[in-house]
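For the protein sequence lines, the chains are U and R, in the order given.
Counting in the numbering used here, the first sequence runs from 457 upward without gaps.
Counting in the numbering used here, the second sequence runs from 18 upward without gaps.
Please note that a few of the clues may not be correct.
[As the list claims (entries may be wrong)] List time: in silico DSS-like cross-link candidates among lysine-lysine, alpha-carbon distance up to 30 Å:
| no. | chain 1 | residue 1 | chain 2 | residue 2 |
| --- | --- | --- | --- | --- |
| 1 | U | 523 | U | 574 |
| 2 | U | 647 | R | 280 |
| 3 | U | 856 | R | 147 |
| 4 | U | 852 | R | 147 |
| 5 | U | 704 | U | 829 |
| 6 | U | 723 | R | 147 |
| 7 | U | 663 | R | 467 |
| 8 | R | 396 | U | 704 |
| 9 | U | 574 | R | 467 |
| 10 | U | 826 | U | 723 |
| 11 | R | 147 | U | 822 |
| 12 | R | 396 | U | 574 |
| 13 | U | 852 | U | 647 |
FYI, nobody ran anything at the bench for these hints, they're computed from the structure.
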Amino acid sequence: MQRRHFLGAALAIAVAGMAGNAMAQSGEIKIGEINSYSLLPAFTEPYRKGWQLAVEEINATGGINGKKLVVISKDDGGKPADAQTAANELVSSESVAMLTGTFLSNIGLAVSDFANQKKVFFLAAEPLTDAITWSKGNRYTFRLRPSNYMQAAMLVEEAAKLPAKRWATIAPNYEYGQSAVAVFKKLMSEKRPDIQWVDEQWPPQGKIDAGPVVQAVAAANPEAILNVTFGADLVKLVREGNTRGLFKNRAVVSFLTGEPEYLDPLKEETPEGWIVTGYPWYDIKTPDHDKFLKAYQAKYNDYPRLGSIVGYQTIKAAAAILAKANSTDPEKLIAATEGLSMPSPFGEITFRKIDHQSTLGAYVGKTALKDGKGVMVDSVYRKGGDYLPSDAEVEKMRPKE
Amino acid sequence: MAFYFVQFLTGLASAASLFLVASGLSIIFGVTRIVNFAHGAFYMLGAYVAFTLTERFSGAFGFWGGIVVAALVVAVVGVLVEMVLLRRIYHAPELFQLLATFGLTLMVQDIVVLIWGPDDLLGRRAPGFKGAVEFFGQNIPSYDLFLIALSPVVLGGLWLLFQRTRWGILVRAATQDRDMVAALGVNQKWLFTSVFALGVFLAALGGALQIPRDAVHHALDLRIIVDVFVVVVIGGLGSIIGAFVAAVLVSELNAFGILIFPKISIILVFLVMAVVLIVRPWGLFGRPEAAARRTPGLTVNPWRPLTSGERMLSLGALAVAAMLPLFAGNYALTVGSEIAIFVIFAASLHFLMSVGGLASFGHAAYFGLGAYGVAFLAKAAGLPMIVSLLLGPLLGLLGAAVFGFFAVQLSGVYFAMLTLAFAQIVWSIAFQWVAVTGGDNGILGVWPDKWAAGPASFYWLSLGVAALAVTVLRIIVFSPFGFALRATRDSPLRSEAIGINGKRVQWTAFVISGTVAGIGGALFAYLKGSVFPDSLGISLSVDALVMVLLGGVETVSGAVIGAIVFKAANIWLVSQTDLSKLVLGGFIVLMVVAFPKGIVGTLEAIRNRWRPSETKKSALATSRVEVAE
Numbered sequence: 457m458q459r460r461h462f463l464g465a466a467l468a469i470a471v472a473g474m475a476g477n478a479m480a481q482s483g484e485i486k487i488g489e490i491n492s493y494s495l496l497p498a499f500t501e502p503y504r505k506g507w508q509l510a511v512e513e514i515n516a517t518g519g520i521n522g523k524k525l526v527v528i529s530k531d532d533g534g535k536p537a538d539a540q541t542a543a544n545e546l547v548s549s550e551s552v553a554m555l556t557g558t559f560l561s562n563i564g565l566a567v568s569d570f571a572n573q574k575k576v577f578f579l580a581a582e583p584l585t586d587a588i589t590w591s592k593g594n595r596y597t598f599r600l601r602p603s604n605y606m607q608a609a610m611l612v613e614e615a616a617k618l619p620a621k622r623w624a625t626i627a628p629n630y631e632y633g634q635s636a637v638a639v640f641k642k643l644m645s646e647k648r649p650d651i652q653w654v655d656e657q658w659p660p661q662g663k664i665d666a667g668p669v670v671q672a673v674a675a676a677n678p679e680a681i682l683n684v685t686f687g688a689d690l691v692k693l694v695r696e697g698n699t700r701g702l703f704k705n706r707a708v709v710s711f712l713t714g715e716p717e718y719l720d721p722l723k724e725e726t727p728e729g730w731i732v733t734g735y736p737w738y739d740i741k742t743p744d745h746d747k748f749l750k751a752y753q754a755k756y757n758d759y760p761r762l763g764s765i766v767g768y769q770t771i772k773a774a775a776a777i778l779a780k781a782n783s784t785d786p787e788k789l790i791a792a793t794e795g796l797s798m799p800s801p802f803g804e805i806t807f808r809k810i811d812h813q814s815t816l817g818a819y820v821g822k823t824a825l826k827d828g829k830g831v832m833v834d835s836v837y838r839k840g841g842d843y844l845p846s847d848a849e850v851e852k853m854r855p856k857e
Numbered sequence: 018m019a020f021y022f023v024q025f026l027t028g029l030a031s032a033a034s035l036f037l038v039a040s041g042l043s044i045i046f047g048v049t050r051i052v053n054f055a056h057g058a059f060y061m062l063g064a065y066v067a068f069t070l071t072e073r074f075s076g077a078f079g080f081w082g083g084i085v086v087a088a089l090v091v092a093v094v095g096v097l098v099e100m101v102l103l104r105r106i107y108h109a110p111e112l113f114q115l116l117a118t119f120g121l122t123l124m125v126q127d128i129v130v131l132i133w134g135p136d137d138l139l140g141r142r143a144p145g146f147k148g149a150v151e152f153f154g155q156n157i158p159s160y161d162l163f164l165i166a167l168s169p170v171v172l173g174g175l176w177l178l179f180q181r182t183r184w185g186i187l188v189r190a191a192t193q194d195r196d197m198v199a200a201l202g203v204n205q206k207w208l209f210t211s212v213f214a215l216g217v218f219l220a221a222l223g224g225a226l227q228i229p230r231d232a233v234h235h236a237l238d239l240r241i242i243v244d245v246f247v248v249v250v251i252g253g254l255g256s257i258i259g260a261f262v263a264a265v266l267v268s269e270l271n272a273f274g275i276l277i278f279p280k281i282s283i284i285l286v287f288l289v290m291a292v293v294l295i296v297r298p299w300g301l302f303g304r305p306e307a308a309a310r311r312t313p314g315l316t317v318n319p320w321r322p323l324t325s326g327e328r329m330l331s332l333g334a335l336a337v338a339a340m341l342p343l344f345a346g347n348y349a350l351t352v353g354s355e356i357a358i359f360v361i362f363a364a365s366l367h368f369l370m371s372v373g374g375l376a377s378f379g380h381a382a383y384f385g386l387g388a389y390g391v392a393f394l395a396k397a398a399g400l401p402m403i404v405s406l407l408l409g410p411l412l413g414l415l416g417a418a419v420f421g422f423f424a425v426q427l428s429g430v431y432f433a434m435l436t437l438a439f440a441q442i443v444w445s446i447a448f449q450w451v452a453v454t455g456g457d458n459g460i461l462g463v464w465p466d467k468w469a470a471g472p473a474s475f476y477w478l479s480l481g482v483a484a485l486a487v488t489v490l491r492i493i494v495f496s497p498f499g500f501a502l503r504a505t506r507d508s509p510l511r512s513e514a515i516g517i518n519g520k521r522v523q524w525t526a527f528v529i530s531g532t533v534a535g536i537g538g539a540l541f542a543y544l545k546g547s548v549f550p551d552s553l554g555i556s557l558s559v560d561a562l563v564m565v566l567l568g569g570v571e572t573v574s575g576a577v578i579g580a581i582v583f584k585a586a587n588i589w590l591v592s593q594t595d596l597s598k599l600v601l602g603g604f605i606v607l608m609v610v611a612f613p614k615g616i617v618g619t620l621e622a623i624r625n626r627w628r629p630s631e632t633k634k635s636a637l638a639t640s641r642v643e644v645a646e
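Just need the whole structure built from these sequences, with the hints factored in.
Printed below as a string of structure tokens:
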């Protein structure tokens with residue numbers, strides 16, 4: 457029973473494996489990147505391709521002030537605790553200049569809290585929760601993607617034009633779904649005091665029992681439906697809804713459904729006329745996007761998903777920040793980022809000083825069926841900066857430092 | 018009225034898919050006593066293979082043929098798994114097969130992504146069942162009607178198979194008393210293989226039949242496996258009719274429950290299971306288990322305290338571990354702290370499993386309660402770290418006292434499933450009660466006070482607490498209470514006859530174990546600086562089980578080694594490879610084959626073989642146990 461002997465030995469082995477590479481080579485700048493690669497490959501594969509393309513482009517044009525950019529990427533397996541272990545490894549062993557990435561909101565928050573505690577710069581790529589920049593925001597954390605609030609505001613703008621007065625909601629039962637519905641309801645009721653909320657369904661994320669949910673919503677006989685489910689849940693919901701005629705003669709407003717990640721799996725079952733946020737890569741005709749699209753297709757022989765944009769722009773933004781700060785000191789990075797503007801495939805974006813949110817926007821349009829595939833039509837780019845609450849409101853939400 | 022009828026039918030359709038998978042699991046468990054964690058993986062494989070086949074061969078024949086062929090193909094895979102892997106470990110301690118099938122599940126998750134890619138796949142609709150049937154203005158998908166009709170057909174088929182064939186009689190006999198069946202000269206090997214094949218076939222069929230209504234993706238397995246376990250347990254293990262009734266019960270309660278409480282789906286099955294198990298300890302149609310011939314912790318070699326030499330060695334190892342901060346960096350120290358915390362957690366479960374003979378599937382509940390206890394005290398009450406650390410685990414103690422009281426009334430797998438139900442109930446409270454627990458966004462900013470903030474000091478703190486916890490648990494094992502607990506484990510009847518109050522002893526052990534887990538959770542909260550519902554979740558409970566089984570459930574402190582090996586391998590693999598699940602799963606499977614009694618258990622067996630004085634005794638004892646089997 458030599459248990460503690462083993463304890464020492466195993467720890468020593470662990471140390472030997474992990475502590476290597478602690479010294480950054482001169483002439484390199486390292487960025488740490490964390491994402492749920494094994495849990496959410498459908499999103500993270502295109503995302504990884506996106507940031508790899510960005511790294512290649514940056515180093516081909518001289519790196520960051522002459523230094524080579526290196527991204528060290530870690531998997532968090534979808535668990536906040538593991539994301540923190542990875543963050544710790546990146547900061548302590550790899551001495552990265554900053555942390556980037558994350559997909560799930562709770563993981564984004566965990567890494568953001570870690571960054572605040574350890575005084576490390578963190579550029580959150582994907583997590584949508586409003587908390588990360590507002591109620592639980594901190595000076596070390598910035599976020600790229602348009603938040604839940606911004607996407608809701610973009611959708612409300614369109615939804616308020618609909619004649620529908622009786623609304624039902626279907627959303628996954630966790631923070632993302634709950635806050636998406638809450639913000640949508642609040643903004644919608646402000647614009648349209650006449651509408652009624654007649655039903656709400658909260659299937660567990662990833663485990664929707666779509667038949668009963670669809671029946672229950674249909675029984676409330678709403679005129680319009682707000683959907684927040686995505687991924688496999690969305691596929692089940694759409695299939696049951698199509699078969700049971702739930703979407704017939706009803707307006708549907710849906711978060712994220714226009715993103716290729718979620719729209720493409722629906723194939724010929726794509727419902728038509730849903731008002732969605734998303735990424736119609738086939739319809740964007742701007743020079744910035746063309747350049748990105750060509751480079752992406754040339755490198756991967758595949759079309760980009762929204763994740764590709766997020767991954768690409770995350771690393772482009774990180775490089776811009778590092779170049780402007782010309783230092784890896786977190787305080788200088790923060791100073792460089794606040795108010796920094798840069799180009800992106802969606803046009804120029806700015807990291808706001810007030811809440812560290814970027815003004816990256818999203819496309820709003822309608823779903824349609826074309827050659828047996830789902831597409832977004834009539835899409836318009838909505839700038840993120842136009843869909844944020846007033847500065848006074850933001851200041852009230854963000855904790856004082 | 019028409020609406021309620023249609024909602025009822027919809028519930029029945031949901032029940033059909035649940036029943037197919039559950040019946041397979043139930044048959045496998047009934048005969049082989051394997052808790053087949055990989056059942057969900059076979060379900061998922063069925064869906065993937067069926068997707069490929071139905072895409073390749075169109076038309077009605079191609080579709081239905083594809084479904085059946087997919088189920089057969091996966092059944093063949095199941096047979097291979099049984100023959101190559103499971104046959105080697107039937108004689109390992111009970112639940113050890115769970116470890117092997119868990120490793121397989123991990124591997125399959127990565128393999129399907131490698132083969133079929135990461136995107137969600139949309140299968141074809143079933144030819145002839147694409148539309149809906151109208152019923153008083155309500156639409157019922159015709160495929161639902163097909164599924165509703167199919168499940169009684171499968172139930173009837175299985176009934177005929179079990180009642181009217183010789184093979185069925187053997188299976189039923191083996192379900193009741195497999196030792197007797199073996200004694201009567203039935204070739205158990207092939208009986209087990211064929212039963213496993215049938216069970217896997219049903220799982221794969223269940224998965225294949227989902228492709229017209231679901232998306233095929235790599236998380237299908239985890240989505241179904243827990244629900245299926247619950248259905249099997251509610252119905253009564255080994256009872257096909259029970260599985261059917263339970264599937265209908267759960268699905269209908271869900272279909273109508275969401276009309277009143279839209280958020281109920283997340284917790285419904287576990288609530289039903291908890292209520293059923295408290296009222297009917299063996300499920301709706303189950304029968305009391307025959308007295309088990311081997312309980313999880315029953316050892317061949319009697320336990321003994323460490324000799325003084327071994328004590329010195331352990332102290333030496335502890336001293337070496339304590340010197341880590343002298344040469345290791347911050348990251349290694351943080352990983353060291355995490356491993357030490359999981360040593361505490363695994364040791365607490367090990368105490369319950371091997372000393373108490375009670376395998377908990379929901380031990381994370383008490384770990385997580387300890388973590389939340391600390392988070393409440395530190396964030397809401399603003400107490401200093403040392404006070405929070407001392408008081409936080411009391412929440413784990415409280416949870417263990419309440420749930421343990423009900424749980425120890427049961428034994429075996431029913432005990433395990435009731436603990437799982439309680440853990441899921443606690444998890445969903447943490448997940449849903451956003452105002453207090455922050456929901457899945459958790460509680461942030463639970464960082465240690467200055468004196469423990471450095472990685473080295475926190476490491477020493479965790480190591481010290483871990484050493485203390487393991488020592489105290491060992492002292493309890495060899496105390497009069499420990500002997501009483503082991504007596505209750507080995508023979509409830511005899512121990513009761515000599516005046517031991519078995520239930521009270523087990524309850525006390527449950528509370529001790531839950532409190533120690535809570536201590537681990539309390540440290541974990543400070544290590545991570547935050548608490549999330551994950552720390553109460555199923556996957557953490559499974560991790561703990563894996564650590565205990567890997568270390569060796571028949572040993573006194575094997576969990577310590579199990580925790581170190583598993584946690585270090587896990588952290589290292591996740592950091593080094595994107596295919597961490599494939600590699601980790603493969604590692605677990607290899608360990609299972611190489612160390613059929615767990616790492617420490619196998620090492621002990623080897624050492625005993627080298628000691629001539631003990632050779633005779635242990636060989637005799639081993640042969641006796643084998644004869645008894």
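The hints, checked one at a time:
1. 523(U) - 574(U): At roughly 25 Å apart (the allowed maximum being 30 Å), residue 574(U) and residue 523(U) satisfy the hint.
2. 647(U) - 280(R): holds (28 Å)
3. 856(U) - 147(R): The given pair, whose Cα atoms are some 57 Å apart, is violated under the 30 Å limit.
4. 852(U) - 147(R): violated (53 Å)
5. 704(U) - 829(U): With a Cα-Cα distance of about 19 Å, the restraint between residue 704(U) and residue 829(U) holds, given a limit of 30 Å.
6. 723(U) - 147(R): holds (15 Å)
7. 663(U) - 467(R): violated (43 Å)
8. 396(R) - 704(U): violated (49 Å)
9. 574(U) - 467(R): Between residue 574(U) and residue 467(R) the Cα gap is close to 13 Å, so the pair holds against 30 Å.
10. 826(U) - 723(U): OK: residue 826(U) and residue 723(U) at ~9 Å, within 30 Å.
11. 147(R) - 822(U): holds (26 Å)
12. 396(R) - 574(U): The given pair, whose Cα atoms are some 19 Å apart, holds under the 30 Å limit.
13. 852(U) - 647(U): Distance of about 22 Å is within 30 Å: holds.
This entry does not satisfy hints 3, 4, 7 and 8, going by the numbered hints stated previously.
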